Amino acid sequence: MRKLLVLLCLAVSVAANAADTLAVKVGVLRQVHSRETVSILDIPATDDALAGVLMGAADNNTTGKFTGQSFETIDAVLEEGEDAAAAIDKFAEQGARLVIADLDAPRLLAAAERAKTKGALLFNISAPDENLREENCRADVIHVAPSRAMLADGLAQYLIWKKWSRWLLIKGSHPADELLAQAYRAAARKFGGKIVEERVYEDTGGGRRSDSGSVQTQRQMPVLTQSAPAYDVLIAADESDVFAGYLPYRNWDARPVAGSAGLAPTSWDAAHEQWGAQQLQNRFIQTFRRAMNARDNNAWLAMRMIGEAATRANSDDPQKLRAYLTGPDFSIAAFKGVRLTLRDWNQQLRQPILLSDGRMVASVSPQEGFLHQTSELDTLGPDRPETKCRLQ
Amino acid sequence: MTKKKPLLLIGGLSLLAATPAEAFLAYVSNEKGNSITIIDTDKLEAVKTVKVGRRPRGVELTKDGSELFICAGDDDAIQVLDTKTLQITGKLPSGPDPELLALSPDGKTVYVSNENDNLVTMIDAQSKRQIGDVPVGVEPEGMAVSPDGKTLVNTSETTNMAHLIDTRTKQIVANILVDARPRFAQFKADGSELWVSSEVGGTVSVIDLVKNVVKQKIGFEIGGLSKEAIQPIGISFTGDGKRAFVALGPANRVAVIDAETKKIEKYLLVGQRVWHLAFTPDEKYLLTANGVSNDVSVIDVASLKVVKSIPVGSFPWGVVVAPQ
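For the record, the sequence lines run as chains V and D. For the first sequence, the numbering used here assigns the number 392 to the last residue and increments by one with no breaks. For the second sequence, the numbering used here assigns the number 716 to the last residue and increments by one with no breaks.
Check before you lean on any hint, since a few could be wrong.
As the list claims (entries may be wrong) - To give an idea of the chain V side of the interface with chain D (calculated C-beta under 10 Å), a few residues:
no. : residue
1   : D59
2   : T63
3   : K65
4   : T67
5   : R219
6   : Q279
7   : L280
8   : T311
9   : D329
10  : S331
11  : L371
12  : H372
13  : L377
What the hints assert, rightly or not - Here are the computed lysine-lysine pairs in the DSBU-like style, where the Cα-Cα straight-line distance is at most 35 Å:
no. : chain 1 : residue 1 : chain 2 : residue 2
14  : D       : K619      : V       : K162
15  : D       : K562      : V       : K25
16  : V       : K163      : D       : K619
17  : D       : K440      : D       : K424
18  : D       : K455      : V       : K162
19  : D       : K607      : V       : K320
20  : V       : K388      : D       : K619
21  : D       : K603      : D       : K634
22  : V       : K388      : V       : K194
23  : D       : K455      : D       : K542
24  : V       : K320      : D       : K603
25  : D       : K634      : V       : K25
26  : D       : K619      : V       : K190
27  : V       : K162      : D       : K424
28  : V       : K320      : D       : K655
29  : D       : K658      : D       : K619
30  : D       : K607      : V       : K25
31  : V       : K320      : D       : K455
32  : V       : K25       : D       : K609
33  : V       : K320      : D       : K609
34  : V       : K194      : D       : K619
35  : D       : K619      : V       : K25
36  : D       : K658      : D       : K609
37  : V       : K320      : D       : K654
To be verified - Label-pair distances were calculated between CB atoms; the ranges are:
no. : chain 1 : residue 1 : chain 2 : residue 2 : range
38  : V       : P385      : D       : D434      : 33 to 41 Å
39  : D       : D692      : V       : P328      : 32 to 40 Å
40  : D       : D650      : V       : R390      : 44 to 52 Å
In case anyone wonders, no lab produced these hints; they're calculated from the structure. These figures come from a predicted structure and were not determined experimentally. Yeah, the Cβ is synthetic: ideal placement off N, Cα and C, and Gly gets one too.
Put together the whole structure using the sequences plus the hints.
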């Protein structure tokens, strides 16, 4: 483990009667995200995700002045091959049994297994895997990040609303890309889209940066996309960030690109400003001198959920916080226009999905007309009757 | 947006009987139109549009009706509009991005919430100078002053509290947790209760001002609408305190509530995304600013019917009414 740093949070203010202050300790367990991104705008900053936690802690501490609570963040970065379970032990030694986890699925599961023995509670802010919410769901994991199915459904609803129902699906050659492609196939079945053909973009290795890359890609992308059956929109399933960014304006047919490039479904975008979001964007940019990405936002939201639950339950006990968060009284404001709540069957945060072209948020799903008997937000991702989750 | 007492008391018997409905002027801020639409409430039509600063939202009239204070968020200023000449004559020293303001009952002090630095700022209305500030929760927004002027309430949207502030000492006297994203607060005219609307929580909290606790929460249910679509914002009480009207945002309805029993009497269908409300001083009409449909709905208060929709500028947000 690189090092554990204790960051006393940005807002230093704590209640005057410090003796009565409840100090809530929150561990942040981060993986190192690849710097190999098609666009340099997506290269993660060193404080990726952590900045969101700190912003959330600052917000919580402002509230904590009035409630006699303070929030402290303990950051840990896992290098490749390092053990997530050991990090949970270390947090527990330091009194942090609330953990915001920016981990891939295998490491999240390992962390969850250990968290169970420590009575800890994890907040998943980045792994989009369906199986973490279905077959492999865990009672000690709350999913703040949307799943692949929720993202794919959010995009699919909009494409159907636009009557762009014929899709050319191009997926990457990595396992995560296939999982994302599965989500789009399921979304097509669910909402009446038709995948006219599927293609694979083989990742032959190599970097993303070069001084004259555009010369080649301009010739490669038309070849990849030519001779396709008639389609309305090209959907790229490229979670590994290998090729999707090259598709817009370069595909053979004059058709829009969506999915991993073009119109992308996401839980947050630096261009999102509606429903008061501009206030959060302003605070973030002023503090960290960069734009807030989806992981930062999920991290902020996880910290806000912890703050909200600690305030209402008047406790830092992970089990009491979980009981509040999964109970009927919990709802949180996250600048998405509606309240967010947890699906009690798998502890997934219900949330709208933003559709962004990277400059603007073009639309927000669920779309008008996609109805549901309990919450329209449950038209996104697997619903209660079809869940395979048995929380344990 | 807050209910105004009639500013002109009509005296003398000669004015009774055959007098036509008194004419009032309503000022509607158009958030995206960067303008104020002026409505003649006698004719029930827009009579003038005035260009103002960028992103105008909260609006308040001075006690004598001579000036309109406009929160022009994207200009980081509260502009002062002379209601006679319809010229911008100056500005108040607010912090960045002002959204809502409140006036003390004597009209001498303006209270503004500054979302960016978690402060409530106090401004002397006459000298237009800042005279104090109070640190509050994250994203302060809703503001209201008790009828006796002694208590200022501010709601903080991310902290989810109503902060009660002693206007004399400028100290917080109570912090009361309410549901998510509290956006607006209103005192009953007799000062007995404070109502706070939670936009995301979907409720109105009724606060007992003796014990400083939430004594009741009012929820809303509308057939065919999901819970998420019901987002209470503006609140207006009738002068006698018997009835409350609550704007429900994207539910496109105004709830009519018996302010004593807290029972919902009726939902009135208005325009889309209804923000704020204002009575005409005679309480004949209640006007609603409907953001998405670019109009103002006119509710006939006696019959509880929506009688007209008046087209205004782009994204109407706030509304106040004054005698002509």
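Hint-by-hint comparison with the structure:
At a threshold of 10 Å, the smallest CB-CB gap from D59(V) to chain D is about 5 Å, leaving the interface hint in force. Because the beta carbon of T63(V) sits about 4 Å from the nearest beta carbon in chain D, less than 10 Å, this interface hint is met. At a threshold of 10 Å, the smallest CB-CB gap from K65(V) to chain D is about 8 Å, leaving the interface hint in force. With a cut of 10 Å, the hint placing T67(V) at the interface with chain D holds, because the nearest CB-to-CB distance is about 7 Å.
Given the 10 Å rule on beta carbons, the hint for R219(V) is violated: about 44 Å separates it from the nearest Cβ of chain D. Residue-level restraint check for Q279(V) holds (minimum Cβ-Cβ distance to chain D is 5 Å; threshold 10 Å). Residue-level restraint check for L280(V) holds (minimum Cβ-Cβ distance to chain D is 8 Å; threshold 10 Å). Taking 10 Å as the C-beta cut-off, the interface hint given for T311(V) holds, the closest approach to chain D being about 7 Å.
Taken as an interface hint, D329(V) checks out: its beta carbon lies about 9 Å from the nearest beta carbon of chain D, inside 10 Å. With its C-beta approaching chain D no nearer than about 5 Å, S331(V) sits inside the 10 Å limit, and its interface hint holds. At about 9 Å, the closest approach between the beta carbon of L371(V) and any beta carbon in chain D falls short of 10 Å, and the interface hint on this residue holds. The criterion of a C-beta within 10 Å of any C-beta in chain D is met by H372(V), whose closest approach is roughly 8 Å, and the hint holds.
About 7 Å separates the beta-carbon of L377(V) from the nearest beta-carbon of chain D, less than 10 Å, and the hint is met. Taken as a hint, the K619(D) and K162(V) pair is honoured in the structure, with Cα atoms around 26 Å apart against an allowance of 35 Å. Taken as a hint, the K562(D) and K25(V) pair is honoured in the structure, with Cα atoms around 33 Å apart against an allowance of 35 Å. With a C-alpha separation of about 28 Å, the suggested pair K163(V) and K619(D) falls inside the 35 Å cut-off, and the hint holds.
Restraint check: the Cα-Cα separation between K440(D) and K424(D) comes to about 17 Å, which is no more than 35 Å; the hinted pair holds. A threshold of 35 Å between alpha carbons decides the hint, and for K455(D) with K162(V) the separation of about 51 Å lies outside it, so the pair is violated. Restraint check for K607(D) and K320(V): satisfied, since their Cα atoms lie roughly 25 Å apart, inside the 35 Å limit. Between K388(V) and K619(D), the direct Cα distance comes to roughly 26 Å. Compliance with the 35 Å bound is thereby established for this hinted pair.
This hinted pair checks out: K603(D) and K634(D) have alpha carbons roughly 22 Å apart, not beyond 35 Å. Straight-line distance between C-alpha atoms of K388(V) and K194(V) comes to about 26 Å, which keeps the hinted pair within the 35 Å bound. Taking the CA atoms of K455(D) and K542(D), the gap is near 18 Å; set against the 35 Å cutoff, the hint holds. Straight-line distance between C-alpha atoms of K320(V) and K603(D) comes to about 28 Å, which keeps the hinted pair within the 35 Å bound.
Pair hint K634(D) plus K25(V) does not hold up; C-alpha atoms about 48 Å apart against a cutoff of 35 Å. Straight-line distance between C-alpha atoms of K619(D) and K190(V) comes to about 24 Å, which keeps the hinted pair within the 35 Å bound. As the CA atoms of K162(V) and K424(D) are separated by approximately 26 Å, the hinted pair is consistent with the 35 Å bound. Distance check on the hinted pair: K320(V) and K655(D) sit about 33 Å apart at the alpha-carbon level, within 35 Å; holds.
The straight-line distance between the Cα atoms of K658(D) and K619(D) is roughly 17 Å, inside the 35 Å bound, and the hint therefore holds. A threshold of 35 Å between alpha carbons decides the hint, and for K607(D) with K25(V) the separation of about 33 Å falls inside it, so the pair holds. Proposed proximity of K320(V) and K455(D) is contradicted: the alpha carbons are some 50 Å apart, above 35 Å. Among the hinted pairs, K25(V) with K609(D) is consistent with the structure: their alpha-carbon atoms are about 32 Å apart, no more than 35 Å.
Our distance criterion of 35 Å between C-alpha atoms is met by K320(V) and K609(D), whose separation comes to about 24 Å. Simply put, K194(V) and K619(D) have alpha-carbon atoms about 33 Å apart, close enough for the 35 Å limit, and the pair holds. As the CA atoms of K619(D) and K25(V) are separated by approximately 34 Å, the hinted pair is consistent with the 35 Å bound. For the given pair, K658(D) sits about 17 Å from K609(D) by alpha-carbon distance, which is consistent with the 35 Å threshold.
Pair hint K320(V) plus K654(D) holds up; C-alpha atoms about 32 Å apart against a cutoff of 35 Å. P385(V) and D434(D) have their C-beta atoms about 57 Å apart, which leaves the hinted 33 to 41 Å range violated. Range check, D692(D) to P328(V): Cβ separation about 38 Å, and the 32 to 40 Å hint holds. At about 46 Å, the CB distance of D650(D) to R390(V) agrees with the hint of 44 to 52 Å.
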